[in-house]
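**Q** Each chain, letter by letter, is given below.
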Amino acid sequence: MDAVTRTKLKELFETRLHSAMRLYLETCARCGVCVQACHVYASMPQARYTAVGRAEVVRKIFKRYFRMQGRVAPWLGEVLPMDDATMEQVSDAAWSCTGCRRCMTYCPFGIDTQMLMSVAKALLIGADKEPKLLTMLSDMSIAKGESVEETRGAFTQAVSDLAPEIRALWPHSKDPVVTVDADGADVLYVALAGKHSIIPAAAIMNAAGEKWTLSTFEAVNFSAFLGDSKKMQLIARRIHDEAVRLKVKEVAIVECGTAFRAMKFMTGAHPFRVVAFVELIDRYLTQGRIQLKPGTLTGRLTYHDPCQIARNGGVIEEPRHVIGQLTSDFVELTPNRADNWCCGGGGGLVALGEKDFRMKSARVKADQMKASGAAIITTACENCHSQLSDLNEHYGLGMKVEFLSKLVAEALVT
Amino acid sequence: MAAGADAVTAASAAAGAAAASAVDATSSASQAVPTGFALVVDRIDYLIMVPLVYAALLALVVGVVWRLVVIFRSPPPPYALRLYPAARRPGLAALGETFSMPQVRRHAPLLWVFLALYHVAFVFLILGHLDLFPHIRIMPAGSRHMIGAGAVGVAVTVPVIYFLLRRLRSPLREISTPADFLLLLLLLFLFLFGDMMSWGNSWSAHGFVMTKADFTKYFDGLARFTFANPRAVLPGAHYHFAVIHVLLAETFFVVLPFSKIMHTFLSFPINLLRRR
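As given, the protein sequences belong to chains A and B, one line each in that order. Take 1 as the starting number for the first sequence in our numbering and just add one per residue. Take 415 as the starting number for the second sequence in our numbering and just add one per residue.
Incorrect hints may appear among the rest.
[To be verified] Beta-carbon label-pair distances, calculated as ranges: (1) A:H18 with B:L596: 36 to 46 Å; (2) A:F66 with B:G505: 39 to 49 Å; (3) B:F595 with A:D83: 22 to 32 Å.
[Claimed, not checked] A short list of chain A residues far from chain B (calculated; beta carbon distances all over 10 Å): (4) K8; (5) A29; (6) R30; (7) P45; (8) M68; (9) E78; (10) Q89; (11) D112; (12) M115; (13) A158; (14) R167; (15) A193; (16) G295; (17) R320.
Hints in this document: simulated from the structure, not taken from any laboratory. Quick caveat, the model's predicted, so the values are computed rather than measured. Glycine residues also receive a C-beta, built at the ideal position from the N, C-alpha and C atoms.
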């Protein structure tokens, strides 16, 4: 690594040194309590896969360049120079962490490894060593947003073509079955690219008599995975501006944990509420706006709490209320709620592929799924759904993996 | 034992006057005017026991304040970092987590026992040392022992030994750095030298002859900036145990702002991030 790059990375690091980051960098006692928290370590017991092991890589760079002891007493073993070998360690740390923040529930100080890994990811971008696939997906997402006017017609047509499938779930849907970017709505629903993220949601909202419209943008925020805060803001800003323009009261985010957390918590204040779609379903059920047929599910059901929605988003009991009206044959995973094991697919790992690592590093998740004895596992996150499906297949668990919205839509009392 | 200690106390009160009853227990070296190598050692002892104490305390205060200023003058985090379920009273929740470490109690109960013992005992250790200042009266006047009569020292020493031993096991061994071991060794020897003085004074009729009353005089001199040589009020050949203890304490004070012991000051604000 040349001196120019090193200086650039040092400056980049400095831009991330807000008060919380400094607290996280200064406080760790290396007590090791977090060791057992990480699903990667639980599945592949190596020190580099512990929360503290990952954090130390960033912390040692910090101490080398921003603390006197790094220059005076490097023999204390708390420093790493910014070079190519270190960047390998940085990459290993950043891309073996799913950002689930389970380690925060173990740490006596509450050190946020995901936040520390955002520095690691920023350094990798600065060193041009980030996963290019994520950069490409992130840039594509931004480009798609910029050319939205050119594709609006085709998008609206494609959405209207979904009407028969939506009516199959909720026959009373009025025309137009789905409006796109329409004035007068109370709820702006932000979906993903696939129709699976639109059809059940449309059926449920139509059944509830909701005044809703579909966003022209997709919710997924690849830049949040990438750790590029500027691009993350850019992607979220488009949805923000659209919601403000339409004067909606709420933005409902599709079943995607990262999209929900990025929109609700990581992109500033909004003049509208941001809710996870499962919160909307729960409200409709509570208000009696939709009803579910009992007995539509055959087999025991369990629920996987997506990290970004439950532990990091506060949507914990709502899915359970919904499930309570779907079936009485429900079993919790152990552990569950805020303590649940991460699926192992977050942090961009599913988007990157990385199937071999994802399967090995989430063995503990597969064990947990198997131990539940459930026939169906449901969740409220796209990433989790993909990862659980892969685990199901890889470990031969013989379960069905379903989105919660799909189960609800299929059980609507028509 | 009590009579012997009283005799020594009386001898100390005379500040160097060689009371006959205490001659056996005190070193004659302490009474003689040092020359040659002994003079050099005496000067070094004095340096450690008086000027360096002030310097170390100053370094501690300046270092801690400087570190806190750097941290809290930095820009705020870009977004909330809380965890759920959300705490109803974030400040109280963070305070509770700071002082009771429920995460450790749940996930590493044995470590929690030693951590709790260590931290509680450390508070008593500070109180015990404050009690040595004549104007700060924590124990009843005339109390012959430091708070705990040696038990507090044991209560900090044993956990440090545990903290050291657990670092020798994987995966903590791989995570640990030389700084972790050096810091624990510093604490261990600091406490052990304190223990030796405490046990010697508390429990043994033939042990150390530096009593709480003697240490009170030394602390009083420090508090009043007399810059007097503590050798005059701390009799006996065991004086160097006190010197080493003080030197290790000074090292601890100087190192603290640059070490992970800063968590003493940072634990609450960092816990608040998780709850607010």
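**Q** The structure should be examined with respect to each hint, and the outcome stated for every one.
**A** Each hint, compared with the structure:
Our hint of 36 to 46 Å for A:H18 and B:L596 is violated, since their Cβ atoms are close to 30 Å apart. Checked against the hint of 39 to 49 Å, the pair A:F66 and B:G505 fails, with Cβ atoms roughly 30 Å apart. Under the hint 22 to 32 Å, the C-beta atoms of B:F595 and A:D83, about 26 Å apart, fit the expected range. Remark: the non-interface label on A:K8 is consistent with the geometry, its nearest Cβ contact in chain B lying 20 Å away (cut-off 10 Å).
Some Cβ of chain B comes within 10 Å of the Cβ of A:A29; the nearest lies about 5 Å off, and the non-interface call is violated. Listed as a non-interface residue, A:R30 fails to keep its Cβ farther than 10 Å from every Cβ of chain B; the least gap is roughly 6 Å. Once the 10 Å rule is applied to beta carbons, A:P45 is inconsistent with being away from chain B; the minimum gap is 7 Å. Its beta-carbon lying about 7 Å from the closest one in chain B, A:M68 breaks the requirement of being farther than 10 Å from that chain.
For A:E78, the requirement that its beta carbon stay farther than 10 Å from each beta carbon of chain B is not met, with the minimum near 5 Å. For A:Q89, the non-interface assignment is confirmed: its Cβ lies about 13 Å from the closest Cβ of chain B, beyond the 10 Å cut-off. Chain B draws A:D112 into its interface by the beta-carbon criterion, the shortest separation being 5 Å against a cut-off of 10 Å. The non-interface label for A:M115 is inconsistent with chain B: the shortest C-beta to C-beta separation is roughly 7 Å, within 10 Å.
Against chain B, the non-interface label of A:A158 holds: every CB pair exceeds 10 Å, the least being about 34 Å. Annotated as non-interface, A:R167 keeps its C-beta farther than 10 Å from every C-beta of chain B; the closest such distance is 37 Å. Even its closest Cβ contact with chain B, about 26 Å, leaves A:A193 beyond 10 Å, as expected for a residue assigned away from the interface. Non-interface status of A:G295 relative to chain B is upheld: no Cβ of that chain comes within 10 Å, the nearest being about 32 Å off.
Once the 10 Å rule is applied to beta carbons, A:R320 is consistent with being away from chain B; the minimum gap is 13 Å.
The structure does not agree with the numbered hints 1, 2, 5, 6, 7, 8, 9, 11 and 12 stated previously, though it agrees with the rest.
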